[in-house]
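> These are the residues of each chain, in order.
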Amino acid sequence: MTFKDLHIISMKSFSRDMIDHILDTAEKLEPIASSKSKSDLLKGKVLAVMFFEPSTRTRMSFETAMMRLGGDVLSLGSVDASSIAKGETLADTIRVVQGYSNAIVLRHNKEGAAQLASEFSSVPIINAGDGAGHHPTQTFLDLYTIRRESHLEGLKIALAGDLKYGRTVHSLCYALSLYGAEITLVSPKELRMPAEIVDDLKSHNIKVRETDSIEEAITDVDVLYATRIQKERFPDPAEYRKVANSLQITPELLEKAKPELKVMHPLPRTNEIDPRVDDTPHACYFKQSFYGVPVRMALLALVMGALE
Amino acid sequence: MTFKDLHIISMKSFSRDMIDHILDTAEKLEPIASSKSKSDLLKGKVLAVMFFEPSTRTRMSFETAMMRLGGDVLSLGSVDASSIAKGETLADTIRVVQGYSNAIVLRHNKEGAAQLASEFSSVPIINAGDGAGHHPTQTFLDLYTIRRESHLEGLKIALAGDLKYGRTVHSLCYALSLYGAEITLVSPKELRMPAEIVDDLKSHNIKVRETDSIEEAITDVDVLYATRIQKERFPDPAEYRKVANSLQITPELLEKAKPELKVMHPLPRTNEIDPRVDDTPHACYFKQSFYGVPVRMALLALVMGALE
Amino acid sequence: MTFKDLHIISMKSFSRDMIDHILDTAEKLEPIASSKSKSDLLKGKVLAVMFFEPSTRTRMSFETAMMRLGGDVLSLGSVDASSIAKGETLADTIRVVQGYSNAIVLRHNKEGAAQLASEFSSVPIINAGDGAGHHPTQTFLDLYTIRRESHLEGLKIALAGDLKYGRTVHSLCYALSLYGAEITLVSPKELRMPAEIVDDLKSHNIKVRETDSIEEAITDVDVLYATRIQKERFPDPAEYRKVANSLQITPELLEKAKPELKVMHPLPRTNEIDPRVDDTPHACYFKQSFYGVPVRMALLALVMGALE
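Protein chains in written order, with this note's numbering: chain A, 746 to 1053; chain B, 746 to 1053; chain C, 746 to 1053.
The hints are all genuine.
Since the list can't tell identical chains apart, any single copy or any two copies may satisfy a pair.
Mimicking DSSO-like on lysine-lysine, the simulated pairs with C-alpha atoms at most 27 angstroms apart in a straight line are:
#1 K987 with K976
#2 K773 with K783
#3 K1003 with K1032
#4 K934 with K909
#5 K773 with K788
#6 K901 with K757
#7 K783 with K749
#8 K1001 with K934
Because the hints were derived from the structure by calculation, they are not lab data.
Can you make the complete structure from the sequences, with help from the hints?
Structure follows, in C-alpha cells:
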C-alpha cells in the first residue's frame, strides 16, 4: 500500500485498510504535533495552500502540520489579489502552482474543483472542501478523534443537528459504515439525513435510528457528534430558535448520558453546545480540533512519499 | 526567575529585575537579529500571530524574531476571512489556536482581550496591543533602545506629543519610574498626561516637569521621545496644525540639545520629525524599530522555555 | 564579478557577462527548484516580500525560491492593512523593513519606486515590477527559458501581441540585443512596438521585421513569445475581438511552424493561446513559469552573498 502522489479527493476512494494506515501514521506523529518531539521529515518540501474561500482552522492546521514536519508553506493569499481576478482558469493556476510546490491543499466553493485540479496536477492535490462536495480530511480527523477518545470498533454514535446539508456528517456516516457502527440520527424534520444515505447505510448492515429528540438519543451512545445549524436554512427566525434550543447540549442533558460519552463538534460552534459543557469530561471538541494536526501531518507525509 | 509559560499582558507585572533579565537576553540575541550569527533555538516551534487589527511593523518584527530563531510563523490572516466572521468567540478561537502553536501573539482592538485570552490558553499569550489597554513589547523595545543608545540609570528624558491618549508613553513612564528617571512632559494643554499618572510618578520619587515648549524641554535631556499627534483629536484642523508645528523636531531645534541627545519615535511618523533629522547623529527611531527584533526574540525564547 | 548587495532594478544595468553568470547559477540551482535536492544556502536569512499591488505568480515563485534555499519569507501582507494606510512614506517603510530582513522584493504600482527604495535601503532591493517601469526578473526567466528550451545564440524569435504597452517584451528585446537575435514583431497597428525601441535595436545591429500577420511570422522562428492583449486598450470591444482572434495561437497555426518551435507566454493567459496547444511539444509556458524559481533562487543567493 503506497500513498505517494495520491490525490485525496473523497472518502469514497479509501478502504478500511487505507484509513487504518492513515490513522496509525497519525498516532505515530502525534508527539510531533504536540511539540513533544521534532521532525525534519518534510524538510525542503513546499506545501501550496490555496483557499479560494476562507476556512481559518482548516488552513491553520494544515500549515502547522507542514511546519511541524520541517516543511514550508506557500500561500495563495486572498483570492481578490490573485490572477483569478484576471480571469485565469483553475486548470492554469494549478499547472503554475504545481511548479512551485510538492503538494497542493485546495479549498474551493465549487463542487468538483479538487477533482478537476487533480487532472492537471503532477503533485498530489488534497481536497480541503469543495463546496457542497467533499472534505475528506475532516472525516479523517473525526475518525481519529473517535479512535483516540472512544473506540471505532462497535461504536454507538448519535449525530445531531443539520443532517441534510451537513457534508461533514454524510462523509462520516460513510466511513463509520466501514467499521460497523450503530448510528442514531437526531434532527428536526426539515434537516433530516437524505433518504439515499440512510438507505445506503442500511444496505451496509448499519443499524440506523432516526429521532428528533436528543434526550432519547443520548442515553446509550459513546459519542455525540453535534453540527452547526445555520440560521439561513430557516425562513422563520422563531422556527430556527425553537429547533436550535431543542438540540442544545447542556450539562443537564449530559446527566442522562454514559459517563464516558464524548461530545464532538467540527467547530466553530454557535449555540449548539452550552459553554458550561467545556469543563466536563464529555467535552472533546477542542481536542478534536487539535487532532486535525497529526492527521494532516500523516496525510502530507504519506502523499509526499516521506513515509510509507 | 523563570519566564516559561508566562503571559506577557502588561508592564505592571514586571519588576525591575525581570525587565533587566529580558533586556540582557535581548542583548545576547542581537547578533542573531542583525544576521551576524544563526540560531536554531526555536526550531520545531510554531508562533501563532493573531492580529485582529493591522499593525504592520509590530507583526513583521515578531515574525522576523521567530524566524531568526529558527521557528515558524502561523498567521491568522485577515479577520474577515476568519471564523470570527461566523460569530466565534475569542475564547473558542484561542482554545483552537493553542492546539496549533507554542505561543500566541495577540493584537486586538478591545481593551482586556489579551487578559481574557490568557485565561483560556495553555500556551503563553503575548499582548501586542489591546486597544486603549497595553502594548508591553513596545515598552520593552523602548527601554532596550534607551539602554543601548543612551543609559537607563539616571536618565533625563523628554516625552513630547500626545501624552493624553498615548498608551506607549504611559507604559514607558511606569517602567522608567523603576529606574529613577527625570521626566519632562511636553504637550499642548489639550493632550496633557493624565493627572493620576503624574501623581503616581511623583509618589515613586520621580522628578516630573510639565511644559508646552519643546525648546525649553530639550536643552538638558538625554532622550527626546516624540509620539504621533492624531489629527482626529482636534475639532479644528487649524488648531491641529498649530500644535503639530510647535512640537515638530527640526535640525534647528536640535542645535539647542546636547550632542549625545537621541531622538526616538514609535513610528510610523507623520510630521513630528523633519526628515532632515534622519541624517543627524540624534536620529535613533529606525534603530529603535530594529531593536524590536532582539527584544521580541528574547521574549519568545523566554516564554517558550528555550532560554532561562 | 560580485553581486553581493546589488540592487536589481532594471535590465539596463546588466552586461551580457552578468546575465550569463546569473543564468549559469540558475542552472546549477535548478535541481533544488525541482525538489531533486535540498539546500540550506540561505538558512537564517529573511526575505521581505512587499507587494503593493498583487501579482500572485511572481510573489509565489519568489517565496518558493527563498524557501527551497532554506530561507524564510516575511510578508508585508495586504496594503490596506499596513502603515501605508496611516500615511507613511515608502522611504520610511523601507528603512524599517530593512531592519527585519536580508533582502527586499518590491512590487509597486508607481514607476521608479524600486529605484527610490534602493536609495534608502542597506539591504538589496529586487524590483518585481514598478508600474510602467521595469520587471527585470521576468526578463531573466524569459532568457533562462529560451536558453534551456531553445538557444540564446543566433535566436530567431517572434514577439506577438501588445508590443506597445508590454513592459515584458521591451525589456526582453533589450536583453536579446546583447545576444544578437533576429526579431519579428507581430502586432496590430494600434499596439506596435514604440519606434524608439525599434530604432535602438537596429542601432545594435539587430535584424527587426514588423508584421501584423502571425502566419507570416511563424514559419522560420525558434521561439514565439505571446503576450496578453488587454481589452481595456480598445475603445471598441468588436475591434478587440477581431485583433485577439487574428493573433490567437492554435494547433492549426503551429502546423506551419518548425517542429522545434517553442511557444512562450508570461501568464496568466486569456485567449491568446488555445488550450489545445497545451498538449503539443510546442507548449513551453508552464515550464517558463517554473523556471522563475531557479532564476529567482540564483538572484536571491547572489545578492545575499551566499554564492559568488
